[in-house]
Amino acid sequence: MTEQSDLIVVGAGPAGLAATAAALAGGLRVALVDSGTVVGGQYWRHPPEHARAAIPTEDLHHGLREYRALADALPAARAAGRLDLRTAHHVWSAVREDDGFAVHAADRREAPAETAVVLRAPRLLVATGAYDRQLPFPGWDLPGVLTIGGLQALLKGGGVTAGSRVALGGTGPFLLPVAAGLAARGAEVVAVCEAANPLAWLRHPGPLLRNPGKWGEGAGYAVALARHRVRVRPRTAIVRAEGDERVTAVRIASLAADGSPRPGTERRIEVDAVGIGWGFAPQLDLLVALGCDLTASDDGNAVVAVDDGQRTTVPGLYAAGEVCGVGGAPLAVAEGRLAAESVLADAGTAPVPGDPAARAKRLAAVRATVARQRAFARAMALAHPLPEAWSEWLTDETVVCRCEEVTAGAVRAACADGGAPDHRQVKQLTRAGMGWCQGRMCGPTVHCLAGRGRPYTPAERLVATPVTLGALADLDRRNSPARTE
Amino acid sequence: MSEFSIDGRPVPFTEGQTVAAALVAAGRVAWRTTRVGHRPRGVFCGIGVCFDCLVTIDGAGGQRACVVPARPGMNVTTGETMTTAATATTAATATTATTEEGDDD
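Chains A and S, in that order, give the protein sequences.
Quick note: the first sequence uses the UniProt record's numbering, first residue 1, plus one each step.
Quick note: the second sequence uses the UniProt record's numbering, first residue 1, plus one each step.
Note that these hints are calculated values from the structure, not bench results.
Computed Cβ-Cβ distance ranges for the label pairs, DEER-style:
| id | chain 1 | residue 1 | chain 2 | residue 2 | range |
| --- | --- | --- | --- | --- | --- |
| 1 | S | Gly62 | A | Ser164 | 27 to 35 Å |
| 2 | S | Arg9 | A | Gly186 | 20 to 28 Å |
| 3 | S | Arg71 | A | Pro263 | 50 to 58 Å |
| 4 | S | Asn75 | A | Asp474 | 19 to 27 Å |
| 5 | A | Ala365 | S | Arg9 | 53 to 61 Å |
Since this is a predicted model, take the numbers as computed values, not measurements.
Quick reminder that beta carbons are idealized off the backbone N, C-alpha and C, glycines included.
I would like the entire structure built from these sequences, with the hints used as guidance.
Pasting the structure below:
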């Protein structure tokens, strides 16, 4: 076990990296924990250092200058003994203790072997990000159908394209970089089905106008997609995947205003891979279990409630990035910085280095960025909603819970006639959400099928990721050295 | 290129890739069979959330192929043979039970 830290940061994506860099600059000792083999999170996912020559991914990234500036600050802090960097550490629990927090992780650097580790600090920042939100459709459980984040992870992390003829579907701007990345690596992107109407952005032009950085990014993708002759089909959805042992085709259809497939518009496209993403679901496991208040977000998710300094309702506990509302990397970076400034102010142990006036000015700029980017995130959520009538493309046989293989028919039966009112009750009646993933994949869907109109709040998961009893027993033994044979 | 094995067959990989990335690069999208419907499954979320890509690695079960880095000489097993055997046993038992019931009638 290393020395005591002033702050533990869980998650080394854009928010966690930015918070760590700012906290280190302010003189704090930080422990940064992430399940990935290198820092960067999903957005800046990279192969390990030693593999970067063999797996070039630089051209697939955005904002790399920021990533490098943040990541490059880490080695010196480690050498100085002020940063305890814990990559390949999977946090399975975080709990409050009298004088702060204990973060329990499984050190999986030598996976599949694992060692249990406990880190302690008076303050904790959770920046665990988000994962792709999914809506089931017939055939979505066929091999070769992935989340768009999964396609992107294989590409950015391993230099692998999951297919040679790929169809993408769902909603949101994330479809574009995935399409552009696949095309850049030689895959034929045969369809990009965007369920929303792009004109919906015009209903909220303000945030778009105030974020010119987003135009440049959008224009970049438009050029890349045009160069590879990839067509984005608005108000279209993948309503079925076909195949036996793996996906071989999709059926796409134009959508009516309510999101239901328009009769007679369906067409079949042969593919060998499919990517689906309906926005993101924040990874709230640690925060829910720690007892933070949640609040409703415009995209239908419950997110953690924070004040204007990223403080949660639990004293000493901070949150930044997608867990506070899905909004992309620039917002996450700004929130991470803001959170670190709050930690520095609240810790109050030593005067923060630097000129106070310059610091105040910097803080004001960060707050302005957060406000501007949050307005953009809200406009994005409203422009890319889940189609109201999406459940029309389900058949009774469609698998909803992938782990327990519970069908839409079974979930509907459980909810019929004033039956199960929410996903928790559906789980008890059908086993949907009871399997390996603990409802992470089907939770939002079952929630929609059971009780529309309320934000989706995930079930409390006391163990955020599996850990072996052997590793825990070993930790117990190491902590009790006096107890010898 | 290095190699690991899956169910005894070699899989080449580039150092730095996960087990799942190497399998997909080798053209394999499915390596597990579901318990109820006996359907093929492979990588889905790719980031360790969905648990669809589970394999056994060097004897340790329940490993997510999408988060474990491939290492030379790793012994990956899918348990497909085991699942099939278990299924066959269950089916046989069920058949026996039905027959016995039929005999009783």
